[in-house]
Each structure stands twice: as structure tokens, then as C-alpha cells.
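Enquirer: Each chain, written out:
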Amino acid sequence: MGILSQPIGVIAEWLRNLFLGWGLSEGLTTVLLYLIGAGVLATLVQVWVIFLIWFERKIIGRFQDRLGPNRVGPYGLLQPFADLIKIITKEVIIPRDADKAVYLLGPIIMDAGVLAIWAVIPLMPMVGMDVNVAALYTIAVGAFATLGILMAGWASNNKFALLSAFRTVAQMISYEVPTVLALLIPVMLAGTMSLQGIVEAQHVWYIVFAPLAFVIYFIASVAEVGRTPFDLLEAESEIVAGFHIEYSGMVFAIFYVGDFLHAFTIGALGAVLFLGGWRGPGAETFPLLGLLYLWIKAFLVYFLVVWARGSLPRVRIDQMMDFSWKFLTPLALILLVVAAVLDHFVMGFGMWGRALSHFAANVVIAVLTLRYLDHYDKVRESKRRMVAQPGQYPVARPPVPVETSTEAAS
Amino acid sequence: MNSWLYIGIFVALSLFFPALLAVLGWFLGPRRPNPVKTDTYECGLETVGETWVQFKIQYYLFALVFLIFDVELVFLYPWAVAYNSLPLYAVVEGVIFIILLAAALVYAWRKGALTWS
Numbered sequence: 001m002g003i004l005s006q007p008i009g010v011i012a013e014w015l016r017n018l019f020l021g022w023g024l025s026e027g028l029t030t031v032l033l034y035l036i037g038a039g040v041l042a043t044l045v046q047v048w049v050i051f052l053i054w055f056e057r058k059i060i061g062r063f064q065d066r067l068g069p070n071r072v073g074p075y076g077l078l079q080p081f082a083d084l085i086k087i088i089t090k091e092v093i094i095p096r097d098a099d100k101a102v103y104l105l106g107p108i109i110m111d112a113g114v115l116a117i118w119a120v121i122p123l124m125p126m127v128g129m130d131v132n133v134a135a136l137y138t139i140a141v142g143a144f145a146t147l148g149i150l151m152a153g154w155a156s157n158n159k160f161a162l163l164s165a166f167r168t169v170a171q172m173i174s175y176e177v178p179t180v181l182a183l184l185i186p187v188m189l190a191g192t193m194s195l196q197g198i199v200e201a202q203h204v205w206y207i208v209f210a211p212l213a214f215v216i217y218f219i220a221s222v223a224e225v226g227r228t229p230f231d232l233l234e235a236e237s238e239i240v241a242g243f244h245i246e247y248s249g250m251v252f253a254i255f256y257v258g259d260f261l262h263a264f265t266i267g268a269l270g271a272v273l274f275l276g277g278w279r280g281p282g283a284e285t286f287p288l289l290g291l292l293y294l295w296i297k298a299f300l301v302y303f304l305v306v307w308a309r310g311s312l313p314r315v316r317i318d319q320m321m322d323f324s325w326k327f328l329t330p331l332a333l334i335l336l337v338v339a340a341v342l343d344h345f346v347m348g349f350g351m352w353g354r355a356l357s358h359f360a361a362n363v364v365i366a367v368l369t370l371r372y373l374d375h376y377d378k379v380r381e382s383k384r385r386m387v388a389q390p391g392q393y394p395v396a397r398p399p400v401p402v403e404t405s406t407e408a409a410s
Numbered sequence: 001m002n003s004w005l006y007i008g009i010f011v012a013l014s015l016f017f018p019a020l021l022a023v024l025g026w027f028l029g030p031r032r033p034n035p036v037k038t039d040t041y042e043c044g045l046e047t048v049g050e051t052w053v054q055f056k057i058q059y060y061l062f063a064l065v066f067l068i069f070d071v072e073l074v075f076l077y078p079w080a081v082a083y084n085s086l087p088l089y090a091v092v093e094g095v096i097f098i099i100l101l102a103a104a105l106v107y108a109w110r111k112g113a114l115t116w117s
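Chains A and B, in that order, are what the protein sequence lines are.
Under our numbering, the residue at position 63 of the first sequence is numbered 63, and the numbers go up by one with no gaps.
Under our numbering, the residue at position 51 of the second sequence is numbered 51, and the numbers go up by one with no gaps.
It is possible that some hints are incorrect.
What the hints assert, rightly or not - Label-pair ranges, simulated between beta-carbon atoms: (1) ALA82(B) x PHE51(A): 35 to 45 angstroms; (2) VAL367(A) x VAL48(B): 47 to 57 angstroms; (3) LEU24(A) x LEU64(B): 51 to 61 angstroms; (4) GLY112(B) x ILE334(A): 16 to 26 angstroms; (5) ASN70(A) x GLY112(B): 27 to 37 angstroms; (6) ALA82(B) x GLY23(A): 46 to 56 angstroms; (7) ARG314(A) x TRP52(B): 18 to 28 angstroms; (8) ILE296(A) x TRP52(B): 38 to 48 angstroms; (9) LEU78(A) x VAL71(B): 29 to 39 angstroms; (10) LEU64(B) x ARG316(A): 17 to 27 angstroms; (11) ILE68(B) x ARG66(A): 40 to 50 angstroms; (12) LEU64(B) x TYR376(A): 20 to 30 angstroms; (13) VAL48(B) x LEU136(A): 38 to 48 angstroms.
Just so you know, the hints here were simulated from the structure itself, not pulled from any lab data.
Here a beta-carbon is modelled for each residue, glycine too, at the ideal position from N, C-alpha and C.
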């Protein structure tokens, strides 16, 4: 058992012998080992966020034709550290009328909900806890992040924060359904809810089997994180800053960390479920390579999230609800039915035959969906009420009756 | 059982880390509250009336539809796990279940529960 083929195993074995040598009991040793493992992983993930903040600011800067942070350290790499030192020495202001316990618990629950997802993500072959209900666990724990935001918005005793809390709940419950439906497809194809099992079953990545499910998962997850185009919960121009309006100092920073970590966690989950997780050349012999592959894939999906943030404007709340309930959910249901029926007949076709027939079915559904959307747009366009266009009246606007008459005509 | 022990430890730790950060911030930062600073911040205006008001009934409708959907979807997970060993009729039964789910969606849609007004 070499350090390269079993890095975690070797270290764990060494620590176990060390603890047993100190005369600790078997049970206590296990608990200690788990504590160290969990502590290392949670710390690394939190520290990684510091890098993510730098990365996102840099990328968003480029999207907006700016340079992004470039003063502190090489390429501005030390900027997040400077921000951290600044924010940790700032005053934590608790509003007088706030519900103090809930107010302080909000950010903690939010960050914890995101962080706890990492307990089941398979980082390398044979590493990461192999729980048989991991897929459900990620959904259940992920919802805690939203609960934290709701708590914060409610407890702040601020009308804007409360509006944000309402919107958060509406958004979360709407986009939970497509996410859960999209997750069903990898679970169905792999025949297991364990994430490690799903990765092992992906001899062909599930994005080939179900590209549309990946798109649905991606959109719905971005909405659940509450990032632009779905950042209604912190729409600056409407409700000032939403749920974190009354937060300051380190307590605010916890929200910030939680948000970035959530976006990256979406990437990691997407990579595990659809992009083959740690799979890649040589990953089975050198597990550390698997970790690298997973990180690259997670990073790619995360980059897509940032890209969407840099390119798309915010949607309205009715558009957001319609998009989930009247488009994503029916589409996901259709995909699930097609995948279930089709897979039963192509199961004997071998790996690639099965994958390609699923892919073909997805392409057909995608084309039909796009044609339906075109048709829908045309119908809606023809029903649209006539409104005055800029440039239509070059001299002076005629009095109001023109508009009422067109309305009566339509 | 061991993996659940690990997850329990992990969840406890993930609650501990942000709490630690909050405590750090509490002790490292200054604490000089005054009546203006701890006031509710609404763009400089003084807040009027009760904050914790009644909310729109629309949210409640969506919550109901969501509840129905989410519970039924969780029932689909065991079916999906067992999928590879299911005979055709069990697959068809699953599909019928999904169609019933879709029918509920269509019903809510036609009733106008999904229209944000």
C-alpha cells in the first residue's frame, strides 16, 4: 500500500496506530480520525472560498471590461486576505428590534447547510463517505441554506429583508422540484443513490446520457443559490440588499462565504452526477489525480455559473415562477418518462449504444422544445397590446385617447 | 453506521466553523452601539408600522403545490434505485405515477395556482 495509490488510507492507518499506541480505545480512535478528516476537509473547503472570491471578482471584472483586483499581491491574489482582515475587525451591529438569537443563527445555518454537503461528495476513488442515500442527503441539507436566508430575512425586523425572505422561499420551493427531478435521472441510470456508486457507474459520463437533465439541474441550482439571473432575493435596485441588509462585519462575511461556497458546491455536485466525478485517465491507480479531475470539472461548472452572472440580467418574479413551474418542471417530467421507457429497451445495447440512444432522444426533445418555444413566442407576440414606441411620434406626442383606442381594438 | 458517525461529526463541525468566525468577529471588532446605529435601516427613512406583516396568499398556493410535488418525488427515488432490476410492467407503473403527477401539475396550472398576479 503506497502513499500514491492510497494517500488517505496510509495517513489514516498511521494516525490510527499512533492513537492506539497512546492507549486510546478503538471507538475513541475512530471518532478522532473522523474528526481530523472532517476538520481538514471543512477547513480546506472554507479556505478555498478565499481563492474563489478572488477568481470571481477577476472574471466578473473581465466580463465588464475592467481589470478586477490587481493591487494587493501578484495579480491581486492577496486581495481577499486583506478584505478578510478588514471585515473581521469591523463592528457587528445587531439592530435593536431584531430577534437576536434567530438573527445570529441565520448566517451560521446557511453556511453549515452548504458545508455539510461536502461530507458525502466522493473526492477520489474509495474516499468520501459512501452513504446509500447520499443524493437525497444533498437535497435535504442543501435546503438548510435557504432556511438560513429565511431566518435572517425574518429576524432582521426590516421590511426589505422580509420581502427578500418571501422571495427566497418562493424561489427555493419552485426550483427544488426541477432539481430533484433532474437528479432522478442519474440515480435511475446508476441504480443507486450513493454518489460514489453514481461516479463508479459512469463509464460514459451521464452528460452524454442526459444533457438536458444537466441543463435543468444547472439552471435550477443557480436559482436555488440565488445568483444572477435569479438574484431576486438580493436585488439591490428593488430591495436594497435583501436578507443581509441588517448584517455587518463578520456575520455578513459568513453569508458571503456561504454564497460562494454554495456556487462551487453546485459545480462539484454537477461534476459528480453528470461529468464523471473523479473519473479520468489514471485516476484509479493514483487517487490524487482523481481529486484533481473532480476539482477541474467542478471549477468548469462554477465558471459557467460566473459566466451566467456576468452576462444575464435579472428576471422578474412572475417570470421566474413561470419558468420553473410551466417550463422546467414539465420538461423534466417528460425527460424522466422518456429516459425510463427508453432505457428499458436499450439496456442490452452495450455502454455506448445505450448512451447514444439516450443522447438521440435528448436531441429530439430539445428540438421539439425549441420549436414549441418559438411557436409560443409568436402566439404571445400576436396577442401583445400595442404600446407607443420611441421614435414613433417625431414632433409631439398626441393626447392619450390613441392608446385607449388601440387597447379596445385588440 | 460508521459513515453516519462521520456525517454527524461533519455536520457538527460545519455548524462550529461559521459560529467560530462569528465569535471571532464579535471579539475582534469594536462594540459601540448607539440608538441611531442600531435603528432599522430603510434608506434613511424612519420605519413605519409593524414589519412582520401578513404576506401574499400567492406564496401559500405555491407552497401547497410544492409540498405535493416534493413528497411524491421522494417516492420516485426508491423506484429509480431499483430501476435496473424492474420488469417492464413496473417501469410502466412508474410512468403512470409520473403521469398522475403531471396531471396534478396541469390541474394546478388550469386552476391558475401557478399564475403570479
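Enquirer: State for each hint whether it applies.
Expert: Hints, one by one, checked against the model:
Remark: the range hint 35 to 45 angstroms for ALA82(B) to PHE51(A) is upheld by a beta-carbon distance near 42 angstroms. A hinted range of 47 to 57 angstroms holds for the C-beta pair VAL367(A) and VAL48(B), which are about 54 angstroms apart. Between LEU24(A) and LEU64(B) the C-beta distance comes to about 53 angstroms, which sits within the given range of 51 to 61 angstroms. Under the hint 16 to 26 angstroms, the C-beta atoms of GLY112(B) and ILE334(A), about 23 angstroms apart, fit the expected range.
Checked against the hint of 27 to 37 angstroms, the C-beta distance between ASN70(A) and GLY112(B) comes to roughly 53 angstroms, which is inconsistent with it. As the Cβ distance of ALA82(B) to GLY23(A) is approximately 47 angstroms, the hint placing it in 46 to 56 angstroms holds. Evaluation of the 18 to 28 angstroms hint for ARG314(A) and TRP52(B) yields a pass: the beta carbon distance comes to about 26 angstroms. The hinted range of 38 to 48 angstroms is satisfied by ILE296(A) and TRP52(B), whose Cβ atoms lie roughly 47 angstroms apart.
As the Cβ distance of LEU78(A) to VAL71(B) is approximately 49 angstroms, the hint placing it in 29 to 39 angstroms is violated. The beta-carbon spacing between LEU64(B) and ARG316(A), approximately 23 angstroms, falls within the hinted interval of 17 to 27 angstroms. The supplied range of 40 to 50 angstroms is met by ILE68(B) and ARG66(A), whose beta-carbon atoms lie about 47 angstroms from each other. For LEU64(B) and TYR376(A), the Cβ-Cβ distance of about 27 angstroms falls inside the hinted range of 20 to 30 angstroms, so the restraint holds.
In this structure, VAL48(B) and LEU136(A) meet the distance hint of 38 to 48 angstroms, their C-beta atoms being roughly 45 angstroms apart.
In terms of the numbered hints stated before, the structure departs from hints 5, 9, listed from lowest to highest.
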